[in-house]
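These protein sequence lines are chains A and B, in that order.
Going by our numbering, the first sequence opens with residue 32, and the numbers climb by one from there.
Going by our numbering, the second sequence opens with residue 32, and the numbers climb by one from there.
Any given hint could turn out to be false.
No copy labels: a pair is met if it fits in one copy or bridges any two.
[Claimed, not checked] Below, a list of computed lysine-lysine pairs in the DSBU-like style, where the Cα atoms sit at most 35 Å apart:
#: 1; residue 1: Lys130; residue 2: Lys155
#: 2; residue 1: Lys36; residue 2: Lys130
#: 3; residue 1: Lys340; residue 2: Lys296
#: 4; residue 1: Lys69; residue 2: Lys155
Hints in this document: simulated from the structure, not taken from any laboratory.
Protein chains: 2
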Amino acid sequence: MSFEKNIRTVVPYTPGEQPQRRVIKLNTNESPYAPSPKVAEVLHSFDADSLRRYPQPDCHVLTEALAAYHHVEEDQVFVGVGSDDVLSMCFLTFFAGEKPILFPDITYSFYEVWAAVYRIPFIKVPLTDQFELRPEDYRRENGGIVFANPNAPTGKAMSLTGVEQIIKENPDSVVIVDEAYVDFGGESALPLISRYDNLLVTRTMSKARALAGMRIGYALGSKKLIRYLNDVKFSVNSYTMNAPSLAVGVASLEDERYFRETTAKTIATREWTKEQLKKLGFFFPDSQTNFIFASRPGTSAERLFEQLKQRDIYVRYFRQPVLDQYLRITIGTQQEMETLIRELETLLKKNF
Amino acid sequence: MSFEKNIRTVVPYTPGEQPQRRVIKLNTNESPYAPSPKVAEVLHSFDADSLRRYPQPDCHVLTEALAAYHHVEEDQVFVGVGSDDVLSMCFLTFFAGEKPILFPDITYSFYEVWAAVYRIPFIKVPLTDQFELRPEDYRRENGGIVFANPNAPTGKAMSLTGVEQIIKENPDSVVIVDEAYVDFGGESALPLISRYDNLLVTRTMSKARALAGMRIGYALGSKKLIRYLNDVKFSVNSYTMNAPSLAVGVASLEDERYFRETTAKTIATREWTKEQLKKLGFFFPDSQTNFIFASRPGTSAERLFEQLKQRDIYVRYFRQPVLDQYLRITIGTQQEMETLIRELETLLKKNF
Numbered sequence: 032m033s034f035e036k037n038i039r040t041v042v043p044y045t046p047g048e049q050p051q052r053r054v055i056k057l058n059t060n061e062s063p064y065a066p067s068p069k070v071a072e073v074l075h076s077f078d079a080d081s082l083r084r085y086p087q088p089d090c091h092v093l094t095e096a097l098a099a100y101h102h103v104e105e106d107q108v109f110v111g112v113g114s115d116d117v118l119s120m121c122f123l124t125f126f127a128g129e130k131p132i133l134f135p136d137i138t139y140s141f142y143e144v145w146a147a148v149y150r151i152p153f154i155k156v157p158l159t160d161q162f163e164l165r166p167e168d169y170r171r172e173n174g175g176i177v178f179a180n181p182n183a184p185t186g187k188a189m190s191l192t193g194v195e196q197i198i199k200e201n202p203d204s205v206v207i208v209d210e211a212y213v214d215f216g217g218e219s220a221l222p223l224i225s226r227y228d229n230l231l232v233t234r235t236m237s238k239a240r241a242l243a244g245m246r247i248g249y250a251l252g253s254k255k256l257i258r259y260l261n262d263v264k265f266s267v268n269s270y271t272m273n274a275p276s277l278a279v280g281v282a283s284l285e286d287e288r289y290f291r292e293t294t295a296k297t298i299a300t301r302e303w304t305k306e307q308l309k310k311l312g313f314f315f316p317d318s319q320t321n322f323i324f325a326s327r328p329g330t331s332a333e334r335l336f337e338q339l340k341q342r343d344i345y346v347r348y349f350r351q352p353v354l355d356q357y358l359r360i361t362i363g364t365q366q367e368m369e370t371l372i373r374e375l376e377t378l379l380k381k382n383f
Numbered sequence: 032m033s034f035e036k037n038i039r040t041v042v043p044y045t046p047g048e049q050p051q052r053r054v055i056k057l058n059t060n061e062s063p064y065a066p067s068p069k070v071a072e073v074l075h076s077f078d079a080d081s082l083r084r085y086p087q088p089d090c091h092v093l094t095e096a097l098a099a100y101h102h103v104e105e106d107q108v109f110v111g112v113g114s115d116d117v118l119s120m121c122f123l124t125f126f127a128g129e130k131p132i133l134f135p136d137i138t139y140s141f142y143e144v145w146a147a148v149y150r151i152p153f154i155k156v157p158l159t160d161q162f163e164l165r166p167e168d169y170r171r172e173n174g175g176i177v178f179a180n181p182n183a184p185t186g187k188a189m190s191l192t193g194v195e196q197i198i199k200e201n202p203d204s205v206v207i208v209d210e211a212y213v214d215f216g217g218e219s220a221l222p223l224i225s226r227y228d229n230l231l232v233t234r235t236m237s238k239a240r241a242l243a244g245m246r247i248g249y250a251l252g253s254k255k256l257i258r259y260l261n262d263v264k265f266s267v268n269s270y271t272m273n274a275p276s277l278a279v280g281v282a283s284l285e286d287e288r289y290f291r292e293t294t295a296k297t298i299a300t301r302e303w304t305k306e307q308l309k310k311l312g313f314f315f316p317d318s319q320t321n322f323i324f325a326s327r328p329g330t331s332a333e334r335l336f337e338q339l340k341q342r343d344i345y346v347r348y349f350r351q352p353v354l355d356q357y358l359r360i361t362i363g364t365q366q367e368m369e370t371l372i373r374e375l376e377t378l379l380k381k382n383f
């Protein structure tokens, strides 16, 4: 059929497996804790009759709450269907030039997919052998810059000085700092948005706020950037956020204590897990996220991945050069991580 | 700032007003009835703890229910965040060629906005003076075709014979039939999807199913088209539908009796309203939707729009040539329409 010549053919992003059985699921960086009890309250008392109406197109109730939470103006906030929706919209909006955009060679693999679907030229800038991003490598002609800080799947964070250097040295580019994991460590670039018009910071409620199933992400930046982003958003879908997601997002922000407590638990378990993995001979960049990107010299990561899966422990394995030496292990509950460590001990004794 | 040269500048779609006060709201084609009581049940018993997990990326629970409902295979179904999200994804996927796509000059104004944001060349094909779409006008070189049936904002439906003629005469183009309003009348093109690989039909739960606030739309077509659409969707956002929206969509489909009853009520009220408007001297295309596109010779539609607004009755007015002679009036409850007619009577006696 010749209508296929008009079709945009792409190689999509592959999300992690979502097994239907009950397993120890450490493969998609979800929270092991439930969202705030306030989320359940909001859903269970939701006025279902109101669903006959369109939701607020400007998502006012949520942008207002986010602005108050982050001490910015409401027109410095943009919300979307998870930070993937926000980032996708950013690629479409800010990377519409001719010059290639820049992002690290090892990072969130969706960047390359968005560049492909929107036909954006790009250059992947190599990290160092230690998975470090060198700001000076971004001192070159470009049509935009995007990087994750802390980075994924490495878990490594860059200093705010380094982040600021990139933003400052590229005044002619929009610089997007993807802070999906910043709640678990690292320094946020948020204090810089008042000083740099070209900076946009993206966040998600999917990780530390345990709302992956609700799809809530957002961006913070200069009013100018947010206005351009909204123009494109309103050219794609006037109503991206459904009414329950707006209410749930607000409820989560209202429960700061719960957010801090569960995040602290994940961080404590992460630090414990680091010690145990070291003892078992694993190496890994020092993670500031809710996952650890671990490798063990002389041990096949792929085989370990398969063996763990047989024991109903799912971690993430990437079948590509360099990454295929590693497992990306999400931090679960303390008990789940103890089980993981026990199973690893047994496996490493017996099979490797 | 020179980073602006890389920014995609667009003129976005303008959705209808969403007044916060209690008014008679006949301006955005929402349902005057609540969604099925099963929707409230599902929300109020939703397992909020499960929100820590990502939702099903393939939206299986909902595509399965839709496939059963429409008697097609599951891989002939695509779901999205309202039919706007579905249509936007269709424009991005199927209209990636060099030749201009075709759509009517008077139709859903978002088509032109999507064409602009995705840089798709287009030709607007004039309707007849009677707002009729002539299939033979689409017998010309093109990179794709999209039209609404019944059409908006005219409310007019085209026969299935006409629809089939367009699909058959354009085997080298993907033809999208936007059936947002088909639940209220008109003939669906669904029976044709098994025979034409190039046909895609889009639907929404926002209107007859009273779920505008939940953002659920879908497309039905050949497996080949659905596969291409999914490839692009998974290149934009792996998880577009949040977990509650999947559950709510299924719940709505399970309550066929409620759906039929409320739709029948809207249709009955529409027919009553047509009679009343005729008596008041209005002309309008014979609507098969949940709105009436009405004009009254010698009466300023704009002034009527403003006067009704002052009386807390919101209808939709489009400030553009031809359309500015009309008001698009959504069908509310019988009581709301009786109030509207009464106010119109008073206004027309006094001020015009």
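Do the hints match the structure? See the list:
{"no.": "1", "hint": "Lys130 with Lys155", "result": "both (13 Å within a copy, 33 Å between copies)"}
{"no.": "2", "hint": "Lys36 with Lys130", "result": "both (26 Å within a copy, 11 Å between copies)"}
{"no.": "3", "hint": "Lys340 with Lys296", "result": "within (25 Å within a copy, 54 Å between copies)"}
{"no.": "4", "hint": "Lys69 with Lys155", "result": "neither (42 Å within a copy, 50 Å between copies)"}
In terms of the numbered hints stated before, the structure departs from hint 4 and from no other.
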